[in-house]
Amino acid sequence: MSGERQTQERGGDTPLALGWLACALIVFLAVALRVLAYAPFDISHADEWMQYLEQANRLVTGHGIVPWESRVGLRSAMIPQLLSLPVLIAHAIAPATLAHVHLARAAFAALTLMGLAGAWRLGSLTSRRHALAALFVAAVWWESVLYADLLLSESLSTALLLLAATPLLDPKAGSRASTFAGFLIGMGVIVRVQYAPFAAVLCLGALLRSPRAWQSLGIGGLAAALLGVASDLYAGRVPFAWVAVTFDKNLGEGIAARFSTSPPWQYLLDMLQHFGPGALLMVVLGAAASGRRYRPLLWAAIVNLTLHSLIAHKEYRFIWLTVLTLLVLAAIGSLRLIEHLLQRRGNTQWLGWGSLGAALVLWSVLDLSSYRVSGGLGAYRGGSAITRLAIVAAERPEVCRLALAKPYLAHVVPAVLPRDLPLSVAPAGFYEDRIALPAPLEHAANALLTARRPEGMASYRTLRCMPMPGETACLYVRDGGCTGDPTYSYQQTLERDGL
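The opening residue of the sequence shown carries number 13 in my numbering; numbering runs sequentially from there.
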């Protein structure tokens with residue numbers, strides 16, 4: 013046991029039994045918060061439906077849409093393949109329902125709980141008190157709850173890499189722990205290859221401290237690579253060709269930049285918006301005070317933030333790994349600061365449960381402040397009204413094709429419907445009332461999902477409307493059947509628009 017850890021434990025570490033009880037209560041709280049926050053039809057990014065749930069459902073059912081990333085082989089097939097198992101089980105147990113949506117989301121959320129274990133283990137390198145502080149912040153911080161409910165590669169990769177960090181920071185970690193860490197790191201990079209620099213810095217820091225660990229790390233990483241090869245072969249691809257495609261398309265051809273570009277300092281502004289000034293200051297101070305043993309992890313987080321800042325196209329989710337890492341380190345560092353102040357003032361009787369309680373209260377206040385400043389969960393996900401109206405259409409047997417307003421496209425895919433309902437997409441300009449619904453599409457679809465019924469289309473009657481921020485989405489239906497749609501089908505729209 014290190015001298016640092018011995019000092020911490022002599023200073024009033026939590027009794028073992030009480031520590032495990034507190035750990036169990038925090039985990040229960042984490043699960044409860046995630047259950048309360050569960051919003052099965054809200055999404056934050058189109059990838060959740062299009063890239064992951066839809067592709068998992070397509071693996072099981074054999075039909076579905078194919079976005080441009082899948083057409084060119086841009087991403088690893090690992091997440092869709094993982095999700096295909098709960099989707100398969102749900103389809104077998106409860107066909108023609110939405111059980112597959114709920115089971116897939118629940119399974120993915122359960123996998124993200126690995127991040128809680130990672131936070132606990134990181135804190136335990138110092139003491140059980142610090143483990144509880146780190147676990148608490150990872151469990152209750154509102155963004156941690158949010159990302160557990162989002163089907164994103166960033167969510168899963170962050171959990172994997174955070175769990176892998178502890179053996180790399182512990183010079184006394186055994187070969188088994190290092191091998192497992194290597195496997196987790198490999199899986200984290202396969203899930204989200206853009207996090208490879210974070211993994212590289214973390215591994216380099218570990219190898220500089222313990223050069224002998226390279227063999228164990230390599231064995232674990234090789235096991236993950238073999239699993240990645242099997243995944244690619246099962247998907248009918250050349251192993252790891254998607255890595256080259258990813259960098260060629262996004263950086264070489266600049267396809268990602270067509271969605272949006274931002275200045276290098278944008279992520280700092282985003283963090284200020286998400287945290288608020290007070291919470292962000294505490295995160296910076298706390299992470300800096302976390303201690304020397306955590307420096308490789310801190311540098312990995314900084315490098316990840318810096319490299320992503322140099323890329324023109326920016327989305328806050330891209331730096332979620334950095335954000336959660338800084339939060340966990342800040343939880344550890346804040347408790348160190350509190351205990352340092354208590355020791356300087358001679359109030360050593362408050363070390364232990366007292367200092368831990370103060371840290372938990374501090375982070376609870378910061379969490380609530382950040383939630384209020386940022387707008388909370390509802391500000392970063394939505395669209396369930398659109399999805400629910402599409403489900404209403406699919407539940408009506410007389411509906412033979414549903415046409416969507418183009419801005420609604422990301423919220424409706426075949427995988428979120430209880431039956432195989434053909435989908436079409438109205439051309440650009442229809443939603444904005446610049447053009448009329450094309451006559452062939454009107455004949456092809458007897459259900460229409462948009463914000464308002466277009467003038468002059470008396471054949472469609474309002475079936476149901478649901479409010480959304482800034483507008484109301486409505487489902488319109490007409491009598492009669494459907495013709496074929498050779499022009500405006502969902503898949504043709506994606507291919508025509510390069511989506």
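Hints in this document: simulated from the structure, not taken from any laboratory.
Just to be clear, a hint being listed does not mean it is correct.
[Said to hold, decoys possible] If you anchor each label on the Cβ, the simulated ranges turn out as follows: (1) A119 x I314: 28 to 36 Å; (2) L280 x P481: 25 to 33 Å; (3) A324 x G388: 25 to 33 Å; (4) R508 x L297: 50 to 58 Å.
All residues carry an ideal CB built from backbone N, CA and C; glycine is no exception.
Against the structure, the hints come out as follows:
| no. | hint | verdict |
| --- | --- | --- |
| 1 | A119 x I314: 28 to 36 Å | holds (33 Å) |
| 2 | L280 x P481: 25 to 33 Å | holds (27 Å) |
| 3 | A324 x G388: 25 to 33 Å | holds (29 Å) |
| 4 | R508 x L297: 50 to 58 Å | holds (51 Å) |
In this structure, none of the earlier numbered hints is contradicted; all agree with it.
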